[in-house]
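Protein chains in written order, with our numbering: chain A, 1 to 93; chain B, 1 to 205.
Since the hints were made in silico from the structure, they are not lab data. Values in this document were obtained by computation on a predicted structure and should not be read as measured data. Fair warning: there could be bad hints in the mix.
Unchecked claim - Result set (DMTMM-like, lysine to aspartate or glutamate): computed pairs, CA atoms no more than 20 Å apart in a straight line: (1) K69(B) with D95(B); (2) K162(B) with E14(A); (3) K27(B) with D144(B); (4) K83(A) with D32(A); (5) K139(B) with D32(A); (6) K83(A) with E197(B); (7) K27(B) with D171(B); (8) K83(A) with E88(B); (9) K139(B) with E14(A); (10) K69(B) with D144(B); (11) K139(B) with E88(B); (12) K69(B) with E88(B); (13) K83(A) with D171(B); (14) K162(B) with E22(A); (15) K27(B) with E197(B); (16) K69(B) with D171(B); (17) K83(A) with D72(A); (18) K162(B) with D51(B).
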Amino acid sequence: MLLIPCPYCGPREEVEFACGGEAHIARPANSDRLSDAQWSDYLFMRKNPKGVHYERWNHARGCRRWFNVARDTVTHRIYAVYKMGEAPPSVTP
Amino acid sequence: MVEAYLRRGPLAHRSLPSRIEADGPRKSAAGLWLAWRPHRAQVNLRGDASDAAFIGAVRQAIGIDLPLKANTTSGGGDVKALWLGPDEWLVVARDGREGDLAAALRQALAGMHAAVTDNSEARTVIAIAGPRARELMAKATPLDPHPRVFGPGACAQTVFAKAAAIIDQIDDAPTFELYVLNSFADYLWAWLERAGEEYAIAVVE
Ligand SMILES: [Zn+2]
Numbered sequence: 001m002l003l004i005p006c007p008y009c010g011p012r013e014e015v016e017f018a019c020g021g022e023a024h025i026a027r028p029a030n031s032d033r034l035s036d037a038q039w040s041d042y043l044f045m046r047k048n049p050k051g052v053h054y055e056r057w058n059h060a061r062g063c064r065r066w067f068n069v070a071r072d073t074v075t076h077r078i079y080a081v082y083k084m085g086e087a088p089p090s091v092t093p
Numbered sequence: 001m002v003e004a005y006l007r008r009g010p011l012a013h014r015s016l017p018s019r020i021e022a023d024g025p026r027k028s029a030a031g032l033w034l035a036w037r038p039h040r041a042q043v044n045l046r047g048d049a050s051d052a053a054f055i056g057a058v059r060q061a062i063g064i065d066l067p068l069k070a071n072t073t074s075g076g077g078d079v080k081a082l083w084l085g086p087d088e089w090l091v092v093a094r095d096g097r098e099g100d101l102a103a104a105l106r107q108a109l110a111g112m113h114a115a116v117t118d119n120s121e122a123r124t125v126i127a128i129a130g131p132r133a134r135e136l137m138a139k140a141t142p143l144d145p146h147p148r149v150f151g152p153g154a155c156a157q158t159v160f161a162k163a164a165a166i167i168d169q170i171d172d173a174p175t176f177e178l179y180v181l182n183s184f185a186d187y188l189w190a191w192l193e194r195a196g197e198e199y200a201i202a203v204v205e
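Model the full structure from these sequences, guided by the hints.
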């Protein structure tokens, strides 16, 4: 069980949250000119790091807001939590 | 507002009035008091908390300042506001006020980037009180119910026995009011009867 610090509500248990996968994936502006390979890369291909991962979480059973989390996929340690639209903080494990 | 003759709360079939009568003599010995508050005006309000014009218009419409601190409430006389999110509140009052509260808010917020939605028929209220109420809260929710972090004036959206709920601690008894979706109310009441057994339950008014 993770204790996740929602940037609005403070620390809450993992059961209240839903993970939304990798963060900071921008939708290509020129999607009509992309090849199928480029489009599928945007749609489906995700990083799968062993270590720090920047991901989106939703406080689904709480304030229902989306935010970002920098989490270590090995230790589950949460290094940073930051709001949507904010730049990812640099994290040294 | 639903026509009165169609209106039946989700726990109506449980014959709680006769339970209240039967449990009366046992109330002082019970550790947990359960009550059902079937209908309440509940208006969902969304808007920009950092906009003084929005906050001012709400104050003018319903007479209270919205709580801006996360997981807190404001007001509490006729009208009360529960913080649900950084731009979302639940305005509650006695049953029957939903129409005039929503109309007053809509009028005051006309032209602003805001939303007013009457959600009164979505949820019912179950009150949990008594000397062992905090122990039951600890068992039902992942929240920390210790008075150091959760006291009167605190509210939270969380899971209660796996169902989504809004919890509002209304006094030091302590009394916790649980806003739950009508369709979950019967399940939650059954869960409370079972989980609260060890504290000795009295159903109260
Ligand atoms: Zn939250």
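Hinted pair, alpha-carbon criterion (20 Å max): K162(B), E22(A). Please report holds or violated.
violated (27 Å)
Are the Cα positions of K139(B) and E88(B) separated by 20 Å at most?
violated (28 Å)
Compare the distance between the alpha carbons of K162(B) and D51(B) with 20 Å, and conclude whether the hinted pair is satisfied.
violated (36 Å)
Quickly compare the C-alpha distance for K139(B) and D32(A) to 20 Å and report which way the hint goes.
Cα-Cα ~53 Å, so violated.
Decide if the proposed pair is consistent with the structure: K27(B) and D171(B), CA atoms, cutoff 20 Å inclusive.
holds (18 Å)
Assess, step by step, whether the Cα of K27(B) is no farther than 20 Å from the Cα of E197(B), and give holds or violated.
Holds, at roughly 14 Å.
K83(A) paired with E197(B) [C-alpha distance capped at 20 Å]
Violated - the C-alpha atoms of E197(B) and K83(A) are around 43 Å apart, more than 20 Å.
Between K69(B) and D144(B), does the CA-CA distance stay at or below 20 Å?
holds (18 Å)
Check whether the Cα positions of K27(B) and D144(B) lie no farther apart than 20 Å.
violated (26 Å)
20 Å limit on alpha-carbon distance, applied to hinted pair K69(B) and D95(B):
Between K69(B) and D95(B) the Cα gap is close to 26 Å, so the pair fails against 20 Å, i.e. violated.
20 Å Cα cutoff - pair K69(B), E88(B):
The given pair, whose Cα atoms are some 12 Å apart, holds under the 20 Å limit.
Agreement of K83(A) and E88(B) with the hint, judged by alpha carbon distance not exceeding 20 Å
holds (17 Å)
The structure does not agree with the numbered hints 1, 3, 4, 5, 6, 11, 13, 14, 18 stated previously, though it agrees with the rest.
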